[in-house]
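Colleague: Here the structure of chain A is known, so what remains is to put chain B in place on it, guided by the hints.
There are 2 protein chains.
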Amino acid sequence: MAKNRLPKQSEDFPAWYVEVVKQAGMAEHGLVKGMQIIKPHGYAIWEGMQRALDERFKATGHENLYFPLLFPESLFAAEKDHVEGFAPEVAVVTHGGGEKLEEPLVIRPTSEAVIWSTYATWIQSYRDLPLLYNQWCNVLRWEKRTRLFLRTSEFLWQEGHTAHATSEEAMEEALRMLEVYREVAEDVLAIPVLPGRKSPSERFPGAEETFTIEGLMRDNKALQCGTSHFLGQNFAKAYDVQFLNQQGALEYAWATSWGFSTRMIGALIMTHGDDQGLRLPPALAPVQVAIVPIYRSEEEHALVIEMSSKIRDALAGNGIKVRLDDRDQHRPGFKFGEWELKGVPVRMEIGPRDVEADQVVVARRTGGDKESLPVAGAIAGMAAMLDGIQSDLYDEATALRNANTHEVTDYASFVEGIASESGYWAGAWCGRVECEQKAATDTKATIRVLPVEREDPGAACLVCGRPGVERATWARAY
Amino acid sequence: MAKNRLPKQSEDFPAWYVEVVKQAGMAEHGLVKGMQIIKPHGYAIWEGMQRALDERFKATGHENLYFPLLFPESLFAAEKDHVEGFAPEVAVVTHGGGEKLEEPLVIRPTSEAVIWSTYATWIQSYRDLPLLYNQWCNVLRWEKRTRLFLRTSEFLWQEGHTAHATSEEAMEEALRMLEVYREVAEDVLAIPVLPGRKSPSERFPGAEETFTIEGLMRDNKALQCGTSHFLGQNFAKAYDVQFLNQQGALEYAWATSWGFSTRMIGALIMTHGDDQGLRLPPALAPVQVAIVPIYRSEEEHALVIEMSSKIRDALAGNGIKVRLDDRDQHRPGFKFGEWELKGVPVRMEIGPRDVEADQVVVARRTGGDKESLPVAGAIAGMAAMLDGIQSDLYDEATALRNANTHEVTDYASFVEGIASESGYWAGAWCGRVECEQKAATDTKATIRVLPVEREDPGAACLVCGRPGVERATWARAY
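Sequence lines, in order, name chains A and B. Quick note on numbering that gives the first Met the number 0: the first sequence kicks off at 0 and runs consecutively. Quick note on numbering that gives the first Met the number 0: the second sequence kicks off at 0 and runs consecutively.
In short, the hints are calculated from the structure, not lab data. Just so you know, these numbers come straight off a predicted model, no measurement behind them. Do not rely on the hints blindly, as some may be mistaken.
[Stated by the list, open to error] Below, simulated DSS-like cross-link-like pairs (lysine-lysine); rule was C-alpha separation at most 30 Å, straight line:
1. B:309 x A:99
2. A:32 x B:309
3. B:79 x B:309
4. B:220 x A:320
5. A:309 x B:57
6. A:236 x B:21
7. A:57 x B:79
One chain only, chain A, in its complex shape (with noise of 0.2 Å):
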């Protein structure tokens, strides 16, 4: 078999990382740097991604709209931390239809600004509330030091924003498109996630709370893989935002905001990905199923065909997504090597035994021996054999993320544990940022997460001793 040639994980990730999103064909550097093409198979997974998500934002009652990219400089400016946030990555358009502009133009980096000072037209009263809005789009932030998918100066995303007669109410919508997150991420990314808080030097620009979901990746490095904010009334009073409440008093309408991009792709490959390639979940894989014929006379090739072909009809009339690979300028080799790449979950091989014995080859992509099924058997039980690779890869995933999650009490153990060992560390913060400052300068880590409810973690700040108000998990982060 061709084998891929890709850098050794264990060697270099990193390097491994850049292989395999080349030669799976899923992204490449467009000429502007910072700029991304996300090839056929990139996106195609980003579709299956978006699918997951905007059938789950229905069903949670959102609907979707469309903003301008471009809004005035000025408007932006009207939220103080959201404008510290951004404003040192936005693009700035000067001149349009030939002419310079009055007033500099931005390129949307999130899109709070235009659409908090447009609600402040659609809400007057509690029976305009809640808004429950999302929309699909691109967005810039200026990078200098891009990574495909995990960052990039464009990248494509989903932006909710909903506004809410109560803090209560808004409370609750981020902390249900958390779950929304979570759920797409592990029972549709296959990514086990730890859910929480982020501590207040990781909020969003002009969130009082930011809510992430976290991941694991195969390299031990952590990666924030969706963030939810409950914003309360701070873009309210920012674009003055008011409605007459139920007792007829002005009140500020309360907010939130929750974005899930195509970095995710990014978080796919890493917690998945091994030597040989990509291994897809079979919930977003674009193909599930990839059957190679094996001949080498036109006689074998007419038999194989015919058989493979009656299989891929068969496997896509119960709802399957299956390729046949009926190529003739390539080796049976090169192929297996090919769909390995792009981490289809089952490869099916049919040669002329095959055909004679009335069975076909089938390979998992989570690997176990080949096996040699009944044709038939083998149709009937593909959902199911696809249902637990699916599971293969999320117990996978958990179990290499438990194993590299750590307990600790003692600082001097969670400095040397850390600097030998990556992963998650876990113990009690007091919740003063000095702390958290001196504990990033000496470990290169951050915290993660904290849980949704402060809990006493009844034990000392790992740090500085005094007594723990929380516990954080720590890791080194994308």
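Modeller: Relative to the frame of chain A, chain B by itself:
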């Protein structure tokens, strides 16, 4: 019944359009001149169009991908006609990440430049061809005079960009996608269109042939509904995209591009809308059936809601998009008006006497008397009723189009005719730009469409009396 307060189409069509877009919650102007906000009801219709197109793109072998929003201004200049056509309309980014850029970047007005400069690296041999790719994205073409959906600086669309080994194959592709557009326009949007060719002066900048589907709106003005371009080797030459053909010789690749945009939401409104508001074809309606309960007392409310819920569930179970409008702050008459305005194909009214009689009142948005139908029959027959409404809308628009299509053989009749009555005016043309320009000046009309295959019209040019080379269809247009 609460009547919608729209201007009459017959009195002021443009004002009717502005108001129906606003009152039906389809779109509104953004803060920046030329930008629009697509509101949920408008966006849901766009999602329907996207699904209809995307499934047909995939069924014809295309894959989606995504190219960057920004590219260098200099890249744009490689294809002379293309840059002349689009340069006056671009928005230019001069600053990013707090610094002045070394080279200004343009926001894509269309993506031929960025895509073909990349295809240069993807195409080496005839084995790499064809490339059949499409992207869904936003584009920006600076506009001062804006009409929501019809003409805005930023709009959403899909743009297909394919590369082929031969001219014939590229021409087949351009015509295949024209046919996809015709099918979606007619079968899904219920808009009868004339498919055909544009005259050279109306071609896409950089195209060798532009094909179009053309619709006639209810004010008798034409609207270009989707275009598919045969680009010859122009972009391959501009960006040096050569491949080794089967004979081992280097050749430039052949190109097509094709686009369908949110402008079609405007076409939908202006083809089917009436003085009461939108009329949505069931194939695209986000809500196909609205159920309005009618009650006075608490008891009546309970009875009526119970039966309404059962009907809703039964219709939903049959795959029909149904909404039970149980808002208690609005009276039935208000709801009738609102659903009419929003163009919902079927309204059901259910009062206490209907519950008693096990019947329901059904009103079709396309007109005719309200009917009292047995509940079981209304449920069982709803899919057929919706199909009927779909056909009715198409037939009505076709009849209107046909009634406003005029054949002319002499210039005076053409000029006088179109001055008193707009619509399509068809007659022979010699193919010379001089005649095209003279008639455009005299009539304010343009050639909307020529037959895909040139055919001798057997008559003299309407304008100059020289022998006609083909039949041209003229109209005043958006």
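Colleague: If a hint holds in the structure, say so; if it doesn't, say that too.
Modeller: Now the hints, each set against the structure:
Pair hint residue 309 of chain B plus residue 99 of chain A does not hold up; C-alpha atoms about 60 Å apart against a cutoff of 30 Å. Under the criterion of a C-alpha separation no larger than 30 Å, the hint pairing residue 32 of chain A with residue 309 of chain B is inconsistent with the structure, at around 57 Å. Between residue 79 of chain B and residue 309 of chain B the alpha-carbon distance is near 63 Å, which puts this suggested pair outside the 30 Å criterion. For the given pair, residue 220 of chain B sits about 45 Å from residue 320 of chain A by alpha-carbon distance, which is inconsistent with the 30 Å threshold.
Between residue 309 of chain A and residue 57 of chain B the alpha-carbon distance is near 22 Å, which keeps this suggested pair within the 30 Å criterion. Restraint check for residue 236 of chain A and residue 21 of chain B: the C-alpha separation of about 27 Å stays at or below 30 Å, so the hint holds. Distance hint between residue 57 of chain A and residue 79 of chain B is unfulfilled; the C-alpha atoms sit about 46 Å from each other, more than 30 Å.
In terms of the numbered hints stated before, the structure departs from hints 1, 2, 3, 4 and 7, listed from lowest to highest.
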